[in-house]
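Each protein sequence line maps, in turn, to chains A and B. So in the working numbering, spot 85 of the first sequence is number 85, and the numbers just go up one at a time. So in the working numbering, spot 246 of the second sequence is number 246, and the numbers just go up one at a time.
Hints may be right or wrong, so weigh each one.
Calculated Cβ distances over 10 Å to all of chain A for the following chain B residues [said to hold, decoys possible]:
1. Gln-53
2. Asp-80
3. Asp-150
4. Arg-154
5. Lys-164
6. Leu-188
According to the in silico footprint, chain B covers these stretches of chain A (three or more CB under 8 Å from chain B) [what the hints assert, rightly or not]:
7. 27-38
8. 182-189
9. 275-282
10. 285-299
The hints are simulated quantities; they were obtained by calculation from the structure and are not laboratory data. Note that the structure is a prediction, hence the values are computed from the model and not measured. All residues carry an ideal CB built from backbone N, CA and C; glycine is no exception.
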Amino acid sequence: MTQQVLVIAEQVEGVFRKVTFEVLSAGRRLAGQLGGSVQAVVLGSGIEGLAAELGQYGAEKILVADDPALADFTTEAYTNALAGLVGQIQPAVILLGATTQGKDLGARLSARLNAALATDAVGLGVDAGQVVATRPMYGGKVLADVVLTGMPAIVSVRPNTQAIEAAAGAGAVEKAALTLGDLRSKVVGKQFESGKVDLTEADAVVTGGRGMGGADYSAVEALAGVLGAAVGASRSAVDEGWRPASDQVGQTGKTVSPNLYVACGVSGAIQHLAGMSSSKVIVAINKDPEAPIIAKADYAIVGDLFEVLPALTEEIKKIKG
Amino acid sequence: MEILVLVKQVPATESMIAIAGDGVSIKTDGIKFVMNPYDELAVEEALKIREAQGGTVTILSVGPAKAAEAIRTGLAMGADKGILIDPGDLTIDGLGTAKLLAAAIKPLSYDLIVAGHRAVDDDNFQVATALAELLAIPNISMVIKQELADGKIRCLCTVEGGTKEVEAPLPVLIAAQRGLNDPRYASLPGIMKAKKKPLETKTPADLGLAAADLQPLVKVKALKAPAERKGGRLIEGDSVQAKAAQLARLLREEAKVI
Ligand SMILES: Cc1cc2nc3c(=O)[nH]c(=O)nc-3n(C[C@H](O)[C@H](O)[C@H](O)COP(=O)(O)OP(=O)(O)OC[C@H]3O[C@@H](n4cnc5c(N)ncnc54)[C@H](O)[C@@H]3O)c2cc1C
Ligand SMILES: Nc1ncnc2c1ncn2[C@@H]1O[C@H](COP(=O)(O)O)[C@@H](O)[C@H]1O
């Protein structure tokens with residue numbers, strides 16, 4: 001039985017997402033436990049120049065699936081492309097980032113290959129020859145160790161949970177032969193906010209809740225600016241129409257695990273905590289000393305956020321020089 | 001327009017979740033079960049489409065007899081009929097759920113399937129997309145807006161850092177993300193009417209599936225409580241400036257995050 005780990009690299013507009021390097025590094029560690037090696041595959045159009053970068057993180061072989069039909073991700077086209085490659089490589093494990101596209105792709109592949117799938121894993125290991133993934137359930141209120149049976153086992157890995165390790169031995173780059181079949185869905189438009197740090201990948205997140213009192217988020221944005229942070233919102237702030245739904249952190253929003261999470265004017269309802277309690281360091285700024293978020297925070301300032309935020313922004317600016 | 005909606009019954013999001021004695025499941029006593037919040041969006045969107053174009057809305061759910069409550073909620077919102085697939089004693093994983101749904105849907109005629117993008121209990125992000133694959137139809141996820149015309153659907157979907165528009169011919173499966181709509185509440189007359197609407201129950205055997213076909217590939221070995229966060233430090237100081245300076249210093253020197 002081969003013990004290949006196949007990592008699906010994710011690039012957007014010609015740039016790899018950071019999670020790709022996290023997954024590759026985790027893949028190498030897993031391959032070590034399985035006694036196998038790591039191959040990577042990157043899909044897109046006109047992306048040959050990108051491939052070599054994956055060798056820096058231990059991919060022994062890098063497959064390039066280059067086709068105009070793969071320029072934009074659709075579940076259908078990417079599943080068709082990968083199913084063919086998986087048939088040739090026969091990997092024991094397929095790893096990918098638990099991004100919007102990674103979750104969708106993992107699900108469709110699991111059905112195509114009749115394979116076990118663990119979505120959004122925060123930990124990965126091998127027990128008695130079987131892959132065991134640790135994944136949050138009930139919005140992170142519980143962690144489950146799940147055993148994946150059969151081959152391949154598919155695991156999508158939550159961004160910001162795996163250490164990136166560079167590894168020498170740049171792999172051979174190979175062009176993959178593709179059969180894409182009939183494609184029915186297509187991407188007909190896209191809009192990106194330039195320079196916006198995405199919540200799920202950000203190293204720091206500053207969230208404004210109902211305590212913001214309105215749609216003016218400039219105090220939160222200024223702090224986020226000095227921290228290089230993404231801006232989040234509680235559901236109440238979204239329901240008020242102050243922020244878009246895509247900014248919502250929580251059990252029915254995004255789950256984030258940044259190094260630093262700053263909650264401003266957020267009470268800390270159980271649904272909100274579900275989305276951010278795996279952050280490494282939590283700071284709460286709230287005028288109510290009894291707010292539940294205070295009890296969950298590593299550091300808390302009790303005070304009016306409109307006074308605290310500008311002061312904190314100044315002090316961090318000073319420290320960062 | 002024949003529309004199918006996938007609905008799962010899940011613990012209400014405000015529930016405290018405790019691990020049961022077996023170590024692999026949760027304690028369910030005292031927990032309030034509701035329709036998965038994303039599936040409310042799916043039902044609402046289906047009803048809107050039916051209101052605009054005519055047709056029927058059928059709700060499908062895989063779950064125990066109790067899950068019929070979630071179907072009734074959908075019927076009370078305005079859906080026409082429901083199908084409950086009760087797997088009995090079998091333990092079913094995400095792919096198994098998709099297989100049951102696929103078997104129930106194959107004999108039906110449909111133009112559109114609407115699902116939620118995740119169920120907030122298992123958080124698998126799998127069942128809807130896997131079902132589309134088993135039915136060999138396209139799927140579009142994270143949908144916040146849709147437009148149907150000329151036998152096609154065009155959806156606006158959220159992606160990291162922006163949105164994209166995806167188009168596919170019918171039949172197609174779409175999965176709802178928050179922002180798609182504001183789900184209606186079931187009205188009192190709606191609840192009364194729902195009691196008389198057709199709700200069938202099927203077993204795996206009725207669908208031609210045996211236990212071996214539904215063998216879970218993913219098994220929970222152990223559930224663990226996440227590390228409890230201890231309340232940390234309340235920053236004291238004479239002024240806002242002093243507190244802010246103290247916090248900035250701690251974030252750099254102690255927490256080492258800036
Ligand atoms: C099905 C369902 C799903 C849900 N999913 C989510 C989810 O994904 N994410 C989510 O966040 N919520 C979710 N919720 C809602 C959740 O229950 C809470 O209602 C919500 O998180 C509260 O938001 P908040 O903390 O911003 O507002 P509040 O609870 O109103 O808290 C506002 C806080 O701001 C403080 N404050 C006010 N003014 C100031 C000031 N000037 N300076 C400093 N502090 C100030 C107050 O002391 C208070 O603590 C969900 C609810 C349901 C029913
Ligand atoms: N047991 C189920 N019965 C019916 N639909 C389901 C079931 N489980 C999941 N779904 C549908 O699939 C979506 C994604 O669920 P999941 O893959 O469990 O995160 C949900 O929002 C539902 O629309």
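Any of the earlier hints contradicted here, and which numbers?
Numbers 4, 5 and 7 - these are the hints that the structure violates, sorted from lowest upward.
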